[in-house]
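Undergrad: Residues per chain are reported as follows:
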Amino acid sequence: MNAVDVEDLSYTYPDGTPGLRGVSLAIPEGACAAMVGPNGAGKSTLLLHLNGLLNGNGQVSVFGRAVHEDLRAARQMVGLVFQNPEDQLFMPTVFDDVAFGPLNLGWPEERVREEVARALGAVGLEGYESRSPHHLSLGEKKRASIATVLVMDCRLMVLDEPTTGLDPRGRWQFIELIRGLDQTKIIATHDLDLVRELCDTVVILDEGRLVAHGPTTEILADHKLLAEHGLARPADG
Amino acid sequence: MPAERVDPRVVLLCVLAFVTIQAATPIEEWPRFVGYGALLLAAVLWSRVSVAWLLKRLCLALPFLIAVATSALVVRPSAETAVRLPGLGVEVSAPLLVLLGSVAAKATLSIIALSLPVTLWDFPTLLRALQSLRVPRLFVMLMGFMWRYVYLLGDEARRMVQAREARGSWGALARRVRVTGAMTGSLFLRGYERAERVGQAMVARGYDGRVRLMAPLRRLRVGEAAGVVVVAAALCAMRLA
Chain R
1 MNAVDVEDLS
11 YTYPDGTPGL
21 RGVSLAIPEG
31 ACAAMVGPNG
41 AGKSTLLLHL
51 NGLLNGNGQV
61 SVFGRAVHED
71 LRAARQMVGL
81 VFQNPEDQLF
91 MPTVFDDVAF
101 GPLNLGWPEE
111 RVREEVARAL
121 GAVGLEGYES
131 RSPHHLSLGE
141 KKRASIATVL
151 VMDCRLMVLD
161 EPTTGLDPRG
171 RWQFIELIRG
181 LDQTKIIATH
191 DLDLVRELCD
201 TVVILDEGRL
211 VAHGPTTEIL
221 ADHKLLAEHG
231 LARPADG
Chain P
1 MPAERVDPRV
11 VLLCVLAFVT
21 IQAATPIEEW
31 PRFVGYGALL
41 LAAVLWSRVS
51 VAWLLKRLCL
61 ALPFLIAVAT
71 SALVVRPSAE
81 TAVRLPGLGV
91 EVSAPLLVLL
101 GSVAAKATLS
111 IIALSLPVTL
121 WDFPTLLRAL
131 QSLRVPRLFV
141 MLMGFMWRYV
151 YLLGDEARRM
161 VQAREARGSW
171 GALARRVRVT
181 GAMTGSLFLR
191 GYERAERVGQ
201 AMVARGYDGR
211 VRLMAPLRRL
221 RVGEAAGVVV
231 VAAALCAMRL
241 A
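Chains as they are written, first to last, in our numbering: chain R, 1 to 237; chain P, 1 to 241.
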């Protein structure tokens, strides 16, 4: 089964700017796919469609179910981690933040407590429950952000620019954390080292169009393709 | 028992009773304020809160005092209400002077009383206590957001000031005002954009407009509830006696 099926998806922002133009894409279950492209290519716009935050023209299905037919199910299945953890972590304590999704799903409190402890343990933040997100380091904030969606038992993890702003050690630790997650993963990023390390397929978007989709080794070896879409140094001359 | 081991709800309720009752006391009955002050002093000593810190908090009352003091000096008193300030030779309105005294006394007592729980417990604990006291959940959540993001906005403002300083001197007053205005507008826009992104992050995790928070603290014990009743009764007695 495919984790994601997108068919002929187009989206135009309210100010008339085209975000996506006829994108079709399938990501199989268990894959780790990178979504790359220059700024404004439509990566984040596409990700926001995956759990129904945006609703463009076309079909978006997750694990065989149309996203807009059952938004509640889509939001449990798709864990969306925003680029800036300050947007993802909005509650006064780490516990409240991680418990936010499960409480919205209507889970009983005892289960919420257990799952929060499990999710924080999975990202190496045991004992951080009562800490304020404001007082965490950037690496800890990114980990806590992962915990906020991991706790919901999501099957698809969607990460927007996950390594932005991390120092080299924090970045590699974070890459190892992502590698250890069992879920299907889609990672929007400019970090081609991360793509090489983690992803088995690469999707290139540019100006709202899907311009390439294939195995990581093939796509990253095509310097002409990367250069054409602003992902590598242009060829001399 | 150390103050921080008391249930925060007990202290919040006592503070609420104190602030309400002293605010409802006319300043003309000034001896009662001596009693309120003594009670508050006892609470401050018991809580072992730093007096220096409390005095700093009193700066919050300054804008109100300045506003009333300015109006007392600016408003021309009528012949019947005019009193001459000894030493200054200025005539001011007696009712405005009374109002100034009232604002000074009530604001000082209220700010010190409200500072006690804020000092004794962290903000999330107080939010949980408020939730437990049936304060509407939306209001509790909004206070939580405010606490979460006020430092972030402060950081952004600081970075903007640094960027401004890095790009040269201040210049004339008109230019300073213009730059500060532009910075304030920019800060507002950033806050607005952040609010939109936070809203998306909430909806992405199943938020549908209904606020769901974990069940608050345990029920108050009989002894704790009795403590609140005793304090409230003592305050009522001080007000009415």
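Hints may be right or wrong, so weigh each one.
Rough simulated footprint, nothing fancy, chain P against chain R, three-plus residues with beta-carbon under 8 angstroms [as the list claims (entries may be wrong)]: (1) 34-48; (2) 117-128.
Here chain R is said to cover these stretches of chain P; the calculated rule only asks that three of the stretch's residues, wherever they fall, bring their Cβ under 8 angstroms from a Cβ of chain R [stated by the list, open to error]: (3) 20-30; (4) 37-51; (5) 123-132; (6) 203-215.
Among chain R residues calculated to face chain P with C-beta under 7 angstroms, some are [as the list claims (entries may be wrong)]: (7) Asn51; (8) Leu54; (9) Asn55; (10) Gln88; (11) Phe90; (12) Pro92; (13) Leu103; (14) Asn104; (15) Trp107; (16) Glu109; (17) Glu110; (18) Glu114; (19) Leu136; (20) Leu138; (21) Thr201.
For the record, the hints were derived by calculation from the structure and aren't laboratory data. Glycine included, each C-beta is placed from N, C-alpha and C at the ideal position.
Undergrad: Now tell me, hint by hint, if it's right for this structure.
TA: Hint-by-hint comparison with the structure:
1. 34-48: Answer violated; 1 residues pass the 8 angstroms Cβ test.
2. 117-128: With 0 residues in contact (Cβ-Cβ under 8 angstroms with chain P), the coverage given for the region 117-128 of chain R is violated.
3. 20-30: Not satisfied, violated; 0 residues make the cut.
4. 37-51: violated (count 0)
5. 123-132: Holds, because 3 residues of the region 123-132 of chain P bring their Cβ atoms closer than 8 angstroms to Cβ atoms of chain R.
6. 203-215: Coverage by chain R holds here, the residue count being 10 at a Cβ distance below 8 angstroms.
7. Asn51: With a closest approach of 6 angstroms, the R/Asn51 hint holds.
8. Leu54: 9 angstroms, violated
9. Asn55: 12 angstroms, violated
10. Gln88: R/Gln88 check passes; min Cβ-Cβ to chain P is 5 angstroms, inside 7 angstroms.
11. Phe90: 5 angstroms, holds
12. Pro92: 4 angstroms, holds
13. Leu103: 4 angstroms, holds
14. Asn104: 3 angstroms, holds
15. Trp107: 10 angstroms, violated
16. Glu109: Since chain P brings a Cβ to about 6 angstroms from R/Glu109, closer than 7 angstroms, the hint holds.
17. Glu110: Hint on R/Glu110: violated, closest Cβ of chain P at ~11 angstroms, above 7 angstroms.
18. Glu114: 13 angstroms, violated
19. Leu136: Constraint on R/Leu136 not satisfied, violated at 12 angstroms.
20. Leu138: Given a least distance of 13 angstroms, the restraint on R/Leu138 is violated.
21. Thr201: The hint is violated - R/Thr201 has no Cβ within 7 angstroms of chain P, the shortest such distance being about 24 angstroms.
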